[in-house]
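Put chain P on the given structure of chain C with help from the hints.
Those protein sequences? They're chains C and P, same order as listed.
Residues in the first sequence are numbered from 1 upward in steps of one, following the numbering used here.
Residues in the second sequence are numbered from 1001 upward in steps of one, following the numbering used here.
It is possible that some hints are incorrect.
Unchecked claim - Straight-line Cα separation of at most 20 Å, SDA-like style, residue types lysine to any residue; simulated pairs:
id, chain 1, residue 1, chain 2, residue 2
1, C, K234, P, E1065
2, P, K1247, P, N1318
3, P, K1203, C, T323
4, C, K234, P, A1091
5, C, K234, P, G1062
6, C, K234, C, L25
7, P, K1261, P, R1092
Hint data in this document are derived by calculation from the structure and do not stem from the laboratory.
Please read all numbers here as calculations on a predicted model, not as lab measurements.
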Amino acid sequence: MLNRTRLLTAIVFALLLWAVVYPNLVVIGESVRGDGTVTVRHYAEFFGTPSELRALWSSAWISVATVLLSALIGVPLAFLFARYEFPGRRALGALAAMPVLLPPLVGVIAILFLYGESGIATRLVQVALGLNSPPWRLRGPGAILAVHAYSMYVYFYLFTLAGLARLDLAVLEAAASLGAGRLRTLTRVTLPLLTPALAGASLLTFMTSMASFSAPYVLGGGFRVMTTQIFNSKLQGETAMAMVETVMLAAVSLLVLWPLARWEGSRQYVAPGKGMAPLRVPLRSRWASVGVPSLAGLGVLLLVLPHLTLLLVSFVPDGTWTTQTLPPRYSLENYVELFAEARTFRPIVNSLLMASAATFIAVAIALAVGHLVVRRRVAGRRLLEGTLALPWALPGTVLAIALATTFSVDRPWTGRVVLVGTAWILVMAYVLRVLPLTGRAALAGFRQLDPSLEEAAASLGAGPWRTLRRITLPGLTPAIVAGASLAFVTGLGEFVASIVLYTHRTRPIAIEILSQLRDFDLGAAAAYGVLLMVLVAAAFMLGQRWIQAGKQAAD
Amino acid sequence: MRMVKPVCGDLLLIGLVMVTGCAEPGAVLTIYSPHGRDHLVLFEDRFETLHPDVNVQWVDMGSQEVFDRVRSERANPQADVWFGGPEVFFARAAAEGLLEPYRPVWADSVLPAARGPDDLYFGVYLTPAVITFNSDAVSRDQAPQDWDDVLDPRWRGQVLIRDPLASGTMHMIFGTIMYRGLQATGDTAAGYEWLRRLDAQTKEYVLNPAILYQKLVRREGLLTLWDLPDVLHVQDRGFPLDYVLPKSGTPVLVDGIAVIKGAEQPELARAFVDYVGSVEGQLLAARRAFRNLTRTDIPADSLPEWLIQVTSKLKPMNLDWDLLESHGREWMRYWDAHIRGRGQR
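Excised from the complex, chain C in its bound form (with noise of 0.2 Å):
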């Protein structure tokens, strides 16, 4: 048994430390590059540079406050879904996950036709309210904010279904008959058996609004933050002072993952026993019953407006909304023209099988890392834990650069070989960039999950293969699968590591919208994301289905 953990660690070590740790080492030797020797000289002039601090200091306020914000949004929500009962709450509790669904590039187009100086809602409220002007622009710290929290406060929502799924109803009931009111359950019961997941899900929005480029770049306006830095330098061609700026977005990132990760190690509350989950409790009163579905309805209407609004720009033919309020016209036009073409199907092909081979590897890794940690408790486990979150922390073009260097040349014993041009580099790139997720989702899972279990079956007889079979995995399903699924949903429309890698026969789903856009085809772009968002919510419901089914198959 000890030898096997310790093979196990060996392979789990080597296999991050070569896909995880060398592209970080790669960058550092670049940040301390001179003319053939080494040099600090890029550093003194980071830290010389006023603006560049300033720049250091908005990634790190702009993460607190997203992280903040997002828990505030998506930990009620998730409370509000798992606990009480009224009409339409399955239809609006899976659309609260709807801004994972929403596509790169197309979303944020999607969110300035709605809330842009000349969006639908903004000249809705300014008709309203009879301005002169704009009521709002979507510009500066607060644009970027708002746009984070909106795509974040699913790591919550959904980190907190999961955890609220393996709450014990006998641990609740236990605390009620013992006197404890509501509040008193909820921060002294509830809330602590949520710790881990809700440290994983923090660190994911931490780690997510520190790499996030596109929200900062698109709204930033004279607003800096570390990723748009790092994307200037690399245009001027300083690409020592680039890497400089990864390795110091990286190094605040860690100082960050590093208490974040004691936090979570430190609450073990485990809930004994299978037990059964709560119920749901209808709601009693009649303004409730009323009220919360109406309420409930209201804000996720907010939240799947930008999807609605890409819908409607699918259905726009070109160039003929310019500045109506509403488009005049609507026809099939875009759709017909996707479908006429064969080009079309061959991103979404490569997009799915890339996306699914890069969340089963992940989340294999993501298994045996927690295993080893929670369970195991192997020495070094803390460094292992920390290895996991490590990709998050560099830039994903950065990564995708370091790989492309590191994997074009064919010396095997270096551990190099040429994956460059394959689909296989994309497919490294996207495990590296969705191995946080799942390894989030499954140390949370590992966490929650009673060993005692594990011990009875053992002592019954099982091994360690039908352990793991048949009390192990089910009880880690909705754990692993909420983790699986945001990292599918990553894969499937990951674009930033993507546009270094692919080549034309790899070609992602985020590249052709990409390619639409350069040609200001944007009713076509629609139409594509509008199939890329149905694809993903199949995706999501067939994995709803799979937890259904472990359940059943647990029972």
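Below, chain P alone, put in the same frame as chain C:
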């Protein structure tokens, strides 16, 4: 569930192997290009008709990204032809030894300025900068006729500018302004002052061309400085954009083509370069993709109407490209740190 998973895994593997390995019929010619899909599909179809056993595969991205890719794939080149992008990028790539010399059959028929050193690259199109406006809101006569007219108080808060750090076209236009100031006064102060006044006129720096067009047609701003082929392309799609060729002259960017060193299909790459510069290839680009041509021997009566118009009115501005190459970044850095956003209210 236990049955389903392994099957899924196997299917996945088969699919991936197909994506990676499935050889498509014929030789594959890979092209890296910033020329947008419409332009590329046009050339793909024509070239495949002429060479039925060849499969043309293009990868479209920004010119900076093409350069980055060619550089990072140096040890193991993935593309055969680099089609399109400002000459400065080709010059840099040539200096880094990334290009393979080839003298196309049409080499003597193009402008002398379109012939790269040592036959490493050649220019096939000319891209003039123009003043662009929303033609529903502004009539052609009211629109600014020259660069300095853009600074008229009338346009305050109506100018949208594509982020010059991210755009080759804007880089060239700003460089022209700096160069003009240097010519007149011998000092960079004149150029910076002009850019400062432009900044005061500017409503917003837009970071992506698609968003720039969108904001222009929706009248969030009325004016911009941009390149001619893109304006004509958007106009052709039915959007209300029009342009003015600045009276005092305008910078014209030479758009290049080159064979990449270490290409897998050097023969095909050369054939493609020959085709792009051939009379047929040039006319295809002029008629269908709104390109000005570098060839000087094409009879005027076969050119499209718009090109004849443009050629008669276009006044190319002399520009010291070496100076732009050596000082451009420094000027942009200064602009970024001391001018951008300072003039805004």
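Structure-based check of all given hints:
1. C:K234 - P:E1065: Holds. K234 (chain C) to E1065 (chain P) sits at ~11 Å (cutoff 20 Å).
2. P:K1247 - P:N1318: holds (14 Å)
3. P:K1203 - C:T323: holds (18 Å)
4. C:K234 - P:A1091: Holds, because 18 Å separates the two Cα atoms, which is no more than 20 Å.
5. C:K234 - P:G1062: Since the Cα atoms of K234 (chain C) and G1062 (chain P) sit roughly 14 Å apart, the hinted pair holds (cutoff 20 Å).
6. C:K234 - C:L25: Distance ~19 Å between K234 (chain C) and L25 (chain C) Cα, so the pair holds.
7. P:K1261 - P:R1092: The hint holds at about 14 Å.
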